[in-house]
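Student: Each chain is listed here by its residues.
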Amino acid sequence: AQSVTQLDSQVPVFEEAPVELRCNYSSSVSVYLFWYVQYPNQGLQLLLKYLSGSTLVKGINGFEAEFNKSQTSFHLRKPSVHISDTAEYFCAVSALAGGTSYGKLTFGQGTILTVHP
Amino acid sequence: ETGVTQTPRHLVMGMTNKKSLKCEQHLGHNAMYWYKQSAKKPLELMFVYNFKEQTENNSVPSRFSPECPNSSHLFLHLHTLQPEDSALYLCASSQDPGLGGTQYFGPGTRLLVL
Numbered sequence: 001a002q003s004v005t006q007l008d009s010q011v012p013v014f015e016e017a018p019v020e021l022r023c024n025y026s027s028s029v030s031v032y033l034f035w036y037v038q039y040p041n042q043g044l045q046l047l048l049k050y051l052s053g054s055t056l057v058k059g060i061n062g063f064e065a066e067f068n069k070s071q072t073s074f075h076l077r078k079p080s081v082h083i084s085d086t087a088e089y090f091c092a093v094s095a096l097a098g099g100t101s102y103g104k105l106t107f108g109q110g111t112i113l114t115v116h117p
Numbered sequence: 001e002t003g004v005t006q007t008p009r010h011l012v013m014g015m016t017n018k019k020s021l022k023c024e025q026h027l028g029h030n031a032m033y034w035y036k037q038s039a040k041k042p043l044e045l046m047f048v049y050n051f052k053e054q055t056e057n058n059s060v061p062s063r064f065s066p067e068c069p070n071s072s073h074l075f076l077h078l079h080t081l082q083p084e085d086s087a088l089y090l091c092a093s094s095q096d097p098g099l100g101g102t103q104y105f106g107p108g109t110r111l112l113v114l
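Line by line, the protein sequences are chains B and P. In case it helps, the working numbering puts the first sequence at residues 1 to 117. In case it helps, the working numbering puts the second sequence at residues 1 to 114.
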């Protein structure tokens, strides 16, 4: 089974400041890693995902994340945030193959990012 | 987001009512999902359908009854719900349940059980 821990439930930042949203995971098998964003009154939208290859993954809206296997982390970063980035962000994992967890997304608790002017 | 639609967007029901949530995906995907999103809790996977067959029931109470008549439509039938069932119910679809495929989410149905 997998588990995901998002270390911060809320992150307030000022506009144009950099931000990092932290995600750690636990799994007995190799995993795929995802970051989703949820704007108010909307469903979840994929920001980026890591399947294999380069550990630095670039996504939409200027976000990027780095997979660190030794630290079992997949932190999300943006060098300069905008007011429009205010939303809730979810880290998720799914098992690479096989077993009862195959294909299932396990989500973290979410991090609310609030960007202040 | 318009690839997956959900109706109704909001629903208020009493504990003795019977209602249904509808999800439709226009992406040609083979897999569909129901999730429950409660306040201050991680998203909980409820059901998974792949090629219209249920492949996952995550210990969901029988008062929630899913139906998948084809790969494009998914329903969640509700009856004798409890107030703790109040939540946002999200539908999603993907090309394949595995292989790292992206799940595309609908906007959700906000359910309030009185």
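Hints were generated in silico from the structure; no laboratory data involved. A portion of the hints provided could be inaccurate.
To be verified - Derived CB-CB ranges, DEER-like:
{"hint": "1", "chain 1": "B", "residue 1": "VAL29", "chain 2": "P", "residue 2": "SER38", "range": "22 to 32 Å"}
{"hint": "2", "chain 1": "B", "residue 1": "ILE83", "chain 2": "P", "residue 2": "SER38", "range": "42 to 52 Å"}
{"hint": "3", "chain 1": "P", "residue 1": "GLY14", "chain 2": "B", "residue 2": "GLN71", "range": "28 to 38 Å"}
{"hint": "4", "chain 1": "P", "residue 1": "GLN82", "chain 2": "B", "residue 2": "ASN41", "range": "22 to 32 Å"}
{"hint": "5", "chain 1": "P", "residue 1": "LEU27", "chain 2": "B", "residue 2": "LEU56", "range": "23 to 33 Å"}
{"hint": "6", "chain 1": "B", "residue 1": "PRO18", "chain 2": "P", "residue 2": "PHE51", "range": "39 to 49 Å"}
{"hint": "7", "chain 1": "P", "residue 1": "SER38", "chain 2": "B", "residue 2": "ASP8", "range": "14 to 24 Å"}
Claimed, not checked - Distance condition first, Cα-Cα at most 27 Å in a straight line; then the derived DSSO-like pairs of lysine-lysine:
{"hint": "8", "chain 1": "P", "residue 1": "LYS40", "chain 2": "P", "residue 2": "LYS52"}
{"hint": "9", "chain 1": "P", "residue 1": "LYS41", "chain 2": "P", "residue 2": "LYS19"}
{"hint": "10", "chain 1": "B", "residue 1": "LYS49", "chain 2": "P", "residue 2": "LYS40"}
{"hint": "11", "chain 1": "P", "residue 1": "LYS36", "chain 2": "B", "residue 2": "LYS49"}
{"hint": "12", "chain 1": "P", "residue 1": "LYS52", "chain 2": "P", "residue 2": "LYS19"}
{"hint": "13", "chain 1": "B", "residue 1": "LYS69", "chain 2": "P", "residue 2": "LYS41"}
{"hint": "14", "chain 1": "B", "residue 1": "LYS49", "chain 2": "P", "residue 2": "LYS41"}
{"hint": "15", "chain 1": "P", "residue 1": "LYS36", "chain 2": "P", "residue 2": "LYS52"}
{"hint": "16", "chain 1": "P", "residue 1": "LYS22", "chain 2": "P", "residue 2": "LYS40"}
{"hint": "17", "chain 1": "P", "residue 1": "LYS52", "chain 2": "P", "residue 2": "LYS18"}
{"hint": "18", "chain 1": "P", "residue 1": "LYS52", "chain 2": "P", "residue 2": "LYS22"}
{"hint": "19", "chain 1": "P", "residue 1": "LYS19", "chain 2": "P", "residue 2": "LYS36"}
As the list claims (entries may be wrong) - Over 12 Å on every C-beta distance to chain P, these chain B residues come out as not near it, computed from the model:
{"hint": "20", "residue": "SER3"}
{"hint": "21", "residue": "THR5"}
{"hint": "22", "residue": "PRO12"}
{"hint": "23", "residue": "SER28"}
{"hint": "24", "residue": "ASN61"}
{"hint": "25", "residue": "GLN71"}
Since the model is a prediction, treat every value here as computed from it, not as a measurement. For every residue, glycine included, the Cβ atom is placed at its ideal position computed from N, Cα and C.
Student: Each hint should be assessed against the structure and marked as holding or not.
Tutor: Evaluated hints:
no., hint, in the structure
1, B:VAL29 / P:SER38: 22 to 32 Å, "holds (28 Å)"
2, B:ILE83 / P:SER38: 42 to 52 Å, "violated (28 Å)"
3, P:GLY14 / B:GLN71: 28 to 38 Å, "violated (49 Å)"
4, P:GLN82 / B:ASN41: 22 to 32 Å, "holds (24 Å)"
5, P:LEU27 / B:LEU56: 23 to 33 Å, "holds (28 Å)"
6, B:PRO18 / P:PHE51: 39 to 49 Å, "holds (44 Å)"
7, P:SER38 / B:ASP8: 14 to 24 Å, "holds (20 Å)"
8, P:LYS40 / P:LYS52, "violated (32 Å)"
9, P:LYS41 / P:LYS19, "holds (24 Å)"
10, B:LYS49 / P:LYS40, "holds (24 Å)"
11, P:LYS36 / B:LYS49, "holds (22 Å)"
12, P:LYS52 / P:LYS19, "holds (21 Å)"
13, B:LYS69 / P:LYS41, "holds (26 Å)"
14, B:LYS49 / P:LYS41, "holds (22 Å)"
15, P:LYS36 / P:LYS52, "holds (20 Å)"
16, P:LYS22 / P:LYS40, "holds (25 Å)"
17, P:LYS52 / P:LYS18, "holds (23 Å)"
18, P:LYS52 / P:LYS22, "holds (15 Å)"
19, P:LYS19 / P:LYS36, "holds (16 Å)"
20, SER3, "violated (9 Å)"
21, THR5, "violated (10 Å)"
22, PRO12, "holds (18 Å)"
23, SER28, "holds (17 Å)"
24, ASN61, "holds (15 Å)"
25, GLN71, "holds (21 Å)"
In summary, the numbered hints that this structure violates are 2, 3, 8, 20, 21.
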